[in-house]
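Peer 1: Chains as they are written, first to last, in the working numbering: chain F, 1 to 386; chain G, 1001 to 1157.
Some hints could be false.
[What the hints assert, rightly or not] Pairwise CB distance ranges (calculated):
{"hint": "1", "chain 1": "G", "residue 1": "1015", "chain 2": "F", "residue 2": "152", "range": "58 to 68 Å"}
{"hint": "2", "chain 1": "G", "residue 1": "1071", "chain 2": "F", "residue 2": "152", "range": "32 to 42 Å"}
{"hint": "3", "chain 1": "G", "residue 1": "1004", "chain 2": "F", "residue 2": "119", "range": "26 to 36 Å"}
{"hint": "4", "chain 1": "F", "residue 1": "159", "chain 2": "G", "residue 2": "1091", "range": "24 to 34 Å"}
{"hint": "5", "chain 1": "G", "residue 1": "1096", "chain 2": "F", "residue 2": "185", "range": "21 to 31 Å"}
{"hint": "6", "chain 1": "F", "residue 1": "351", "chain 2": "G", "residue 2": "1097", "range": "44 to 54 Å"}
{"hint": "7", "chain 1": "F", "residue 1": "219", "chain 2": "G", "residue 2": "1015", "range": "43 to 53 Å"}
{"hint": "8", "chain 1": "G", "residue 1": "1007", "chain 2": "F", "residue 2": "351", "range": "34 to 44 Å"}
{"hint": "9", "chain 1": "G", "residue 1": "1095", "chain 2": "F", "residue 2": "15", "range": "52 to 62 Å"}
{"hint": "10", "chain 1": "G", "residue 1": "1098", "chain 2": "F", "residue 2": "351", "range": "26 to 36 Å"}
{"hint": "11", "chain 1": "G", "residue 1": "1098", "chain 2": "F", "residue 2": "152", "range": "49 to 59 Å"}
{"hint": "12", "chain 1": "G", "residue 1": "1096", "chain 2": "F", "residue 2": "152", "range": "21 to 31 Å"}
Derived by calculation from the structure, the hints in this document are not laboratory data. We put the beta carbon where it would ideally sit given N, CA and C, even for glycine.
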Amino acid sequence: MLGERVAIVGAGYTPLRPISPEVSFREMIFEAAVKAYADAGIRPHDVSTFVSVAEDYNDGTAITDEYVPDQLGAVLKPVQTVSGDGITGLASLVMQLETGQLDLAVIEGHSKASNVVRPAHIQAFALDPIYARPLAFHPNYVAGLEMRAFLAATGNTEAQAALVAALNRASALRNPLAAYPARMTADDVLTSRPEAEPLKRGDIAATADGAIVLVLARESQLARYKLNGRPVFINGIGWGQHTPNIEERDLHRAIYAEQSGRMAYKMAGITNPASQIDFAEVDDTFSYKQLQHLEALGLAETGQAGRLLEQGVFSPGGALPVNVSGGHLGCGYTHEMAGLRSVLEVVLQLRGTAGERQLPGVRVGLAQSWRGIPTTSGAVAVLGRE
Amino acid sequence: MLDKIHQSRQARQVTGEIPIHHRYTLGVAGERFFKALRDRQELLASPCPQCRDRLLPPKLYCERCFVETTEPWEAVEGAGFVRSFTVLHRSLEEEALPRPEVVAMISWPGVRGGLIHRLQEVEPHRVTLGMAVSPVWAPQRVGAMSDILYFRPAQAD
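Chain F with its partners taken away, still in its complex shape (with noise of 0.2 Å):
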């Protein structure tokens, strides 16, 4: 159990978009900050500390968080930058508040993936340098790999695969923020160019830019500030890491999604996720990868996240809906903003502010994050209305 809860107090975006020609990620960030602040009813001159995500690689700048404090309103403040996913970045402030020694918080992830001229290249420097890079593959054999082991243990297909994404990208059509919401159907996906078989095009987020801002909260420290928005509560956050070597692997499984669910869950005193979960955004970077991550985090049993998802059980007006966002599939994929993405869908529904896509009556959220190939490294956090 954590001492005492904290909370999602603001939030600060931009929309995402395939390319930004006209605006620096500084700028985005900018505009993140003054929405997330204007959101909270803060200034930034009230936070104690703030944690950025970032990969030096994606920013194209050596040793990155050098540039953070600025575009922040934190020049002159602790400035942590965490090189991971969103919410493994989120995990770090949380347990910053949970020391008790500060108060107000802020976390900031942005995207500037239309800058970086050889994404193929920064995935390739990822990989083993002795065993793997030499064979100079495109890193999506790793996902190609994962994706046939991962179809073949559990039984689930390709076709639902290719369900996933057409469902994805037509939620995002209800979703103002999103990059690439189309009306398409699982045989577009099915029958687009073949990359790393069995995955293909449409089975592939493509990437977006854009940044996100959260000011977070201390329970005890609500009232103080006469903070503006509902409150949303961080009840339960987990991470895990599998092995960096591929050959180890267990290539169906995403152990690390296991490991940060349970974590999660524990905090969050959650027994059964499929049933106290009311809905989640969970990482679909490829197709599959929702669906080994929804059997990995125990909201569907293995073998039928595919089948539960043609039956309608994780669409908006289903029993558990997933990625009513539109998913990274729908509205981009954000490097390590992703997870941030994930969590800032999770924050609208709780305020009952998500618009058109609005679920009813939604009081438990999960959102959980991968950090991309080749990695095996992931987050969850479980977040609440109270």
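Keeping the supplied structure of chain F fixed, place chain G upon it in accordance with the hints.
Peer 2: Frame of chain F, contents of chain G only:
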């Protein structure tokens, strides 16, 4: 604010690159693995005294038990098998490959781990999970992954 950019060609940018050059030490286990690969065309595995797994590529320690591996390091025997595979259509430079390439995770019975490599001399649609495969060695070997040119279906002999 009235002078916002309204034509994309007016949005300016500069380009840059990160020229990174690095050395990667093979380490004690890597030296031994690649020497055996180069000199004897063998794939060495190192045994964990605790879980009894044989690790390929060999390591000085078992990452699951956190104990040092022990002697003897023995070569894997017989054909490997395809644990998973993918048919890759794109190069690292994002260009369409003229001929799609089969990339496989290859393991051996009684071994934990395995090697990632290309699979050739077989049509992609004929590759199956569990298929028996063996390495094709480079005539001139230098002690690197390139000493294995590729894997191919194991000959039934």
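Peer 1: Taking each numbered hint in turn, which are not upheld by the structure, reported in ascending numerical order?
Peer 2: 1, 9, 10, 11
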